[in-house]
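**Student:** Between the sequences and the hints, there should be enough to build the whole structure, so can you do that?
The residues making up each chain are set out below.
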Amino acid sequence: MPSQTLEGGFTEPAVQSATAFRSVMEAMARPGTCHTITGATPPSPLSKAAGAVLLTLCDTNTPLYLAGPTDTPEVRAWIAFHTGAPLVGPTVCAFAIGSWADLMPLDPYPIGTPDYPDRSATLIVETDTLPSEKAALIGPGIKDKAYLSLPDLAPIQINHRLFPLGLDFIFTSEATVTALPRSTQVS
Amino acid sequence: MTDQAYNFAYLDEQTKRMIRRAILKGLAVPGYQVPFASREMPMPYGWGTGGVQVSAAVMTTDDCFKVIDQGADDTTNAVSIRSFFKRTAGVKATTRTAEASIIQTRHRIPEDALTESQILVYQVPIPEPLRFLEPRESETRKMHSLEEYGLMHVKLYEDISRHGHIATSYAYPVKVEGRYVMDPSPIPKFDNPKLGDCPAIQLFGAGREQRIYALPPYTQVISLDFEDHPFDPSKADHACGLCGAEHSYLDEVIIDDAGGRMFVCSDTDFCRSRQEDGHKGKDAA
Amino acid sequence: MYVAVKGGERAIENAHAWLAEERRGDQTVPELSVAQIREQMTLAVNRVMAEGSLYDPDLAALAIKQARGDLIEAIFLIRAYRTTLPRFGTSQPIDTESMACDRRISATFKDLPGGQVLGPTFDYTHRLLDFKLAADSDVTEAPQRDAPDRRMPHVADFLNREGLIEEAPHDDTEPRDLTREPLEMPADRPLRLQSLARADEGFILSLAYSSQRGYGRNHAFVGELRIGQLAVEMDIPELGFSIEIGEITVTECESVNQFIGSKTEPPQFTRGYGLVLGQSERKAISMAVVDRAMRWEELGEDNVGAPVQDTEFVLYHADNIQATGFLEHIKLPHYVDFQSELELVRKLRREAGAEQVQEAAE
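Protein chains in written order, with this note's numbering: chain U, 1 to 187; chain E, 1 to 285; chain F, 1 to 362.
Incorrect hints may appear among the rest.
What the hints assert, rightly or not - If you want a taste of the chain U side facing chain E, the calculated C-beta under 10 Å gives, among others: (1) Met28; (2) Thr113; (3) Pro117; (4) Ile142; (5) Leu165.
Keep in mind that the hints were calculated from the coordinates and are not lab data.
C-beta atoms are modelled at their ideal positions from N, C-alpha and C, and glycine is treated no differently.
**Tutor:** Next comes the structure, spelled out in structure tokens:
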């Protein structure tokens with residue numbers, strides 16, 4: 001087994017995953033706010049933040065979809081060793097990871113059922129700092145208004161209209177995490 | 001000193017991940033009850049196992065933990081839960097609301113306004129607000145999915161026609177962001193206005209019933225009512241006998257055999273800090 | 001002057017110290033060892049293992065000692081311990097036909113291959129207090145014979161050869177795990193059986209009894225009851241084959257129940273199934289009767305509104321650890337809620353009083 005596979009996980013899993021989760025939770029609870037998340041060094045092209053999110057949330061019970069260039073033998077081996085998450089296609093995944101363009105379109109992902117809206121996918125979107133215009137966010141978790149750079153508005157607006165069904169997004173970039181739950185209205 | 005025989009904050013990592021995923025779903029769909037595979041905890045079901053599991057899943061080594069039961073830090077079950085986390089997570093504990101980063105509560109919301117750096121974890125006995133109208137989970141789940149809340153309004157209206165008032169004084173149902181009707185846990189209705197627009201994250205854990213739900217900060221939470229019978233978060237019409245506070249929730253304490261009684265703040269930390277600041281009630285020494 | 005009650009911590013410590021003293025009882029009487037409980041209170045140990053869902057006689061005995069003989073408290077200790085254990089894997093399904101039977105009886109046939117084996121049963125004892133046991137008593141050794149070295153076929157298989165009983169269809173789907181997933185309705189049969197296997201013996205007994213008395217009746221014969229030891233095997237991926245990791249005692253009951261049939265299907269007997277860790281035949285028989293009753297829908301029977309037919313009701317209330325926790329939690333302080341009710345009742349009474357005064361004045 002290459003050493004790259006064995007390395008890059010949390011050195012103190014209980015303590016580091018707790019801290020990492022707090023960043024993800026704060027991000028999901030307060031859409032548009034950015035939080036530092038560290039502790040993981042996954043193989044390229046995954047960011048440190050994405051690696052930490054995967055280690056914090058994924059395991060053998062969470063089917064994962066690797067979109068586009070994230071699906072490399074190195075990434076597969078790393079995920080298998082550190083999380084055991086089964087790798088699947090977008091239609092049955094609990095989590096998906098990739099760039100916005102590679103994750104598109106949103107239609108195939110599970111959005112939950114009216115009885116169980118929680119049975120939906122969470123998309124971990126790898127982003128470079130985007131030069132795009134900032135979108136205005138309103139909704140639960142936001143006092144008045146928040147702003148966030150988003151890769152595209154229309155699919156996110158369509159997703160919001162499905163509420164309480166829909167997808168939730170976690171945006172990762174280097175060592176930063178921010179999130180956009182389905183409850184947020186974007187304009 | 002942490003007890004080395006168990007993982008940090010007692011639960012194993014796989015269980016924590018499962019709970020953490022449920023918390024994120026709860027935050028994404030405010031007021032919706034997310035099923036989770038609650039574990040048997042070393043304290044009985046009904047004694048805060050849901051709250052304990054949620055606290056264990058969110059706790060970090062940097063946290064400062066406060067536990068209240070009926071508003072008080074020194075009630076036996078609060079003491080027991082606080083010492084559980086001191087032992088298994090080695091976290092700092094406090095009785096001061098302002099110092100705490102995680103507050104686990106049973107039946108009260110602290111009087112002092114919470115901040116953005118705090119998390120309030122509620123212990124929930126029966127998470128389903130429709131349960132006493134419809135005992136079947138299969139039915140109530142359908143009612144939530146169809147937003148079929150007529151039965152709840154009928155029940156409240158029957159109260160009004162019988163008593164002249166809505167006869168629910170605690171666990172008073174609320175509607176979250178205009179979508180889900182939610183049980184705020186058995187807090188007195190006096191506390192309901194604090195649920196909405198709150199800067200802190202509020203998490204609800206029901207262990208025996210295997211449900212987690214959440215209110216992100218600044219969420220709209222409305223207590224159900226009628227135009228001609230608006231929601232009334234009233235409390236005992238007295239001031240605290242110890243600190244003189246006029247707008248805090250009060251416990252009635254029987255002080256002698258002749259029916260003598262006094263009213264004191266149920267939030268012990270609030271009352272103590274007021275007394276420390278020199279406020280005095282009529283029964284204070 | 002009122003001072004809020006303080007010192008919860010000390011009160012708790014003192015209560016625990018007193019509890020330890022009470023547990024030990026009179027210190028001039030020799031202390032019970034865990035081994036004594038394990039060997040001489042075996043049926044209590046078995047119940048704790050079954051409802052605690054953990055096969056470990058030593059731990060169960062320790063739990064009984066710690067719980068001062070309160071079996072539900074002991075079951076609770078075992079459950080709370082069990083959840084902290086890592087899972088290394090899943091065993092192969094056990095094959096009860098290969099059981100080394102201590103006891104094997106059928107009520108539906110006078111004799112059958114493998115024979116009727118009474119085993120260590122209370123059934124035909126006269127329930128007279130044996131005062132010899134109050135003194136130290138030596139046990140006379142029971143007569144022995146060689147164990148039959150053939151497999152013990154199941155009674156239902158004999159009936160099945162003639163098509164007289166419904167098939168138990170073979171299904172390799174991985175069952176859902178009650179201890180790892182939230183209970184969800186409708187619950188399929190594997191999930192129902194899991195729940196019944198760890199359910200409170202008293203609750204399942206009463207439900208089965210209510211069914212016998214007519215609340216969802218499905219007349220049951222004990223097709224077969226067997227108690228004995230089985231090997232548990234587990235696949236070891238590194239080795240590429242399965243190895244025996246231990247031996248357990250289980251009780252299995254298959255009930256043969258009233259037949260169904262239709263214009264297109266000739267009548268057939270139906271089955272109920274019970275399997276419990278350890279020796280616990282009352283529980284296994286009750287489980288089979290309740291299992292069969294809950295199958296009303298799949299067998300096209302009427303729902304007569306009997307409690308035993310109500311799967312949601314049975315499964316949500318069968319677990320004694322959940323039940324006892326919630327029931328006993330009303331001992332915790334509820335004075336905040338009570339206060340809010342108190343205020344409300346006072347207000348309603350004030351208003352009612354004012355109305356009466358007004359009516360009197362009019």
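**Student:** Against each hint, give a clear statement of whether it holds in the structure.
**Tutor:** Hint by hint, here is what the structure shows:
1. Met28: For Met28/U, the interface hint holds, since the closest Cβ of chain E sits about 5 Å away, which is under 10 Å.
2. Thr113: holds, 8 Å
3. Pro117: For Pro117/U, the interface hint holds, since the closest Cβ of chain E sits about 5 Å away, which is under 10 Å.
4. Ile142: holds, 6 Å
5. Leu165: Holds, about 9 Å.
Hint compliance for this structure: no hint is broken.
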